[in-house]
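Asks: Sequence:
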Amino acid sequence: MKINDWRENIFFLSLVIYVGVLPFSEALVSISAGILLFQALILQSWKHPSISLRSLKTLYLFISVFVVYVFGMILTKDYQFALYELKKVIFWIVIPPAVFLSPKIAETKLRFVFKVFVVAVTVASLIHLGKLVFANNLYLSDFRDVSIISHIRFSLQVVLAIILSGWFIIHKFTLKLKAENFLYIIIIVWLIVFLFLLKSLLGLLSFGITCFVALYFFIKNQESKKLRKWAILIVFTGVVIPLVFVGKAVSDFYSYKDEVPESGEQRTLSGNPYSHDLSNIIRENGTLVYTFICEPELEKEWNKRSKINYSDSINGFPLGSTLVRYMASRGLKKDSAGFSFLTDDDIRLIEQGVTNYKFKNSRFSIYPRIYETIWELDYYFKTGDPNNKTLAQRIEFAKASLFLIKRNLSFGIGTGNWKISYNEAYDKMESKLLPEKRGSSHNQYLNYMVKFGLIGFFWIMFALIAPVFLEKQQRNLILILFLIAIATANFGDSNLETHMGLSFFILFYSLFLWNSTENMRIPD
1 MKINDWRENI FFLSLVIYVG VLPFSEALVS ISAGILLFQA LILQSWKHPS ISLRSLKTLY
61 LFISVFVVYV FGMILTKDYQ FALYELKKVI FWIVIPPAVF LSPKIAETKL RFVFKVFVVA
121 VTVASLIHLG KLVFANNLYL SDFRDVSIIS HIRFSLQVVL AIILSGWFII HKFTLKLKAE
181 NFLYIIIIVW LIVFLFLLKS LLGLLSFGIT CFVALYFFIK NQESKKLRKW AILIVFTGVV
241 IPLVFVGKAV SDFYSYKDEV PESGEQRTLS GNPYSHDLSN IIRENGTLVY TFICEPELEK
301 EWNKRSKINY SDSINGFPLG STLVRYMASR GLKKDSAGFS FLTDDDIRLI EQGVTNYKFK
361 NSRFSIYPRI YETIWELDYY FKTGDPNNKT LAQRIEFAKA SLFLIKRNLS FGIGTGNWKI
421 SYNEAYDKME SKLLPEKRGS SHNQYLNYMV KFGLIGFFWI MFALIAPVFL EKQQRNLILI
481 LFLIAIATAN FGDSNLETHM GLSFFILFYS LFLWNSTENM RIPD
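Numbered per this note's numbering, the sequence shown spans residues 1 to 524.
Treat the hints loosely; a few may be bogus.
As the list claims (entries may be wrong) - Derived SDA-like pairs (lysine to any residue); straight-line CA-CA distance at most 25 Å: (1) 77 x 427; (2) 360 x 384; (3) 419 x 499; (4) 104 x 50; (5) 382 x 398; (6) 220 x 474; (7) 57 x 468.
As the list claims (entries may be wrong) - Label-pair distances were calculated between CB atoms; the ranges are: (8) 179 x 227: 32 to 42 Å; (9) 445 x 242: 21 to 31 Å; (10) 74 x 241: 44 to 54 Å; (11) 189 x 311: 43 to 53 Å; (12) 44 x 398: 46 to 56 Å; (13) 267 x 310: 48 to 58 Å; (14) 313 x 228: 54 to 64 Å; (15) 310 x 279: 17 to 27 Å.
Everything labelled a hint here was simulated from the structure, so no lab data went into it. Glycine included, C-beta positions come from ideal geometry on N, C-alpha and C.
Using the sequences provided together with the hints, build the complete structure.
Replies: Okay, here's the thing in structure tokens:
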């Protein structure tokens with residue numbers, strides 16, 4: 001076998017291993033990345049004739065992102081944490097060189113790599129499903145606990161698997177055409193359903209926007225008027241249905257009558273006094289949570305029926321708080337009489353941290369996630385307390401980020417300083433965020449601006465976008481859809497500063513740039 005054949009085959013095998021472990025393990029991804037770079041160096045793959053067609057400028061741009069972090073250490077106050085940050089983004093100087101220095105593989109092999117990735121993601125999703133089905137037996141109380149890796153990062157892998165499966169069907173890259181295409185249709189339908197089961201609103205948003213862009217290109221390049229009309233109808237339906245669904249959830253949430261306890265309702269049936277906090281207007285299903293509460297009766301009755309003590313906490317919240325919210329959702333008074341209406345199933349749900357009876361048997365529904373988000377925002381805007389509320393905390397993170405950006409506009413706070421700087425910002429803002437809940441912005445763009453200022457931010461954006469044009473891939477539809485999915489998700493999380501986020505993004509970005517095929521391009 002010729003040396004160039006060896007180079008192509010070893011690179012191909014390394015890619016198969018890498019994409020096969022992506023949905024499953026951080027450790028295996030790190031090992032696979034090392035194998036990818038090692039094979040390129042040991043086989044001197046840069047001597048392959050296909051390498052000469054590539055632009056070194058693209059490689060230098062990718063590496064420059066890591067260099068920005070290194071320059072950011074000039075301002076470092078905490079070198080240990082700065083080194084930790086460098087470790088998280090080291091894939092910038094591992095994956096691009098590995099792919100750049102490796103030969104371009106045959107189109108059939110590239111498709112096989114993508115198919116392995118789709119299969120791996122599908123298998124991982126089925127494992128997730130198994131965990132969801134047996135959540136009670138596995139003591140999983142939060143849908144996020146179901147994920148093998150971060151549910152946000154995995155949702156992005158699911159989106160790419162859907163894109164690639166659609167590409168396989170459109171271009172009919174199958175041996176047994178009808179059977180295999182039917183299989184990919186099943187995979188696409190399942191993965192879309194799975195995105196809803198995963199309840200990653202960021203993943204769903206990323207998928208939705210990517211779909212609209214794909215349909216736009218389809219409509220633009222479709223000659224059949226009938227198909228164009230169907231595509232426009234799909235776009236319209238895809239916009240209207242989510243808006244109606246969310247609108248109804250908001251309407252239901254705020255549909256209630258004012259409640260004022262009457263003078264004759266100041267004591268329970270047992271003669272104990274109620275407490276009413278009318279200044280706290282938090283509600284569940286329209287019922288005020290902090291009215292008609294007799295805590296001594298609740299504590300006594302709860303401890304009779306549960307092994308979890310009334311004074312304990314669940315998911316970061318006092319159990320008593322979860323109990324009164326759940327009882328309010330059922331329209332019950334929070335006393336021994338109201339407690340007697342709770343079934344054993346209700347007790348079990350409360351023990352799991354469920355705050356609303358509508359969430360019963362809803363692990364496969366997106367509604368609880370939407371309701372929870374509305375409730376969190378309502379609570380946050382009424383009280384200013386963002387603690388233990390995902391979206392509310394992110395709003396507070398963003399406020400702190402903007403606070404820091406204004407004061408470090410040109411060069412940012414530097415690498416490794418975010419904990420110190422953010423704590424100072426929260427203190428100056430007089431934020432209600434507890435110290436253990438404080439964090440950096442869950443927004444990749446704000447994070448770059450905070451750390452490296454506008455100068456570093458614009459350079460990194462240039463380094464991310466310019467390769468598309470340097471490698472003349474601006475008509476590569478698969479690449480465009482992939483970048484849109486990632487760009488959308490980066491508004492809600494710092495994906496490019498996480499192990500699984502960056503390792504996923506930079507591998508496929510490099511592959512789409514240096515191993516793309518004509519079949520990926522939008523027709524002229």
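Asks: Would you list, in rising numerical order, the hints stated earlier that this structure does not obey?
Replies: 2, 8, 13
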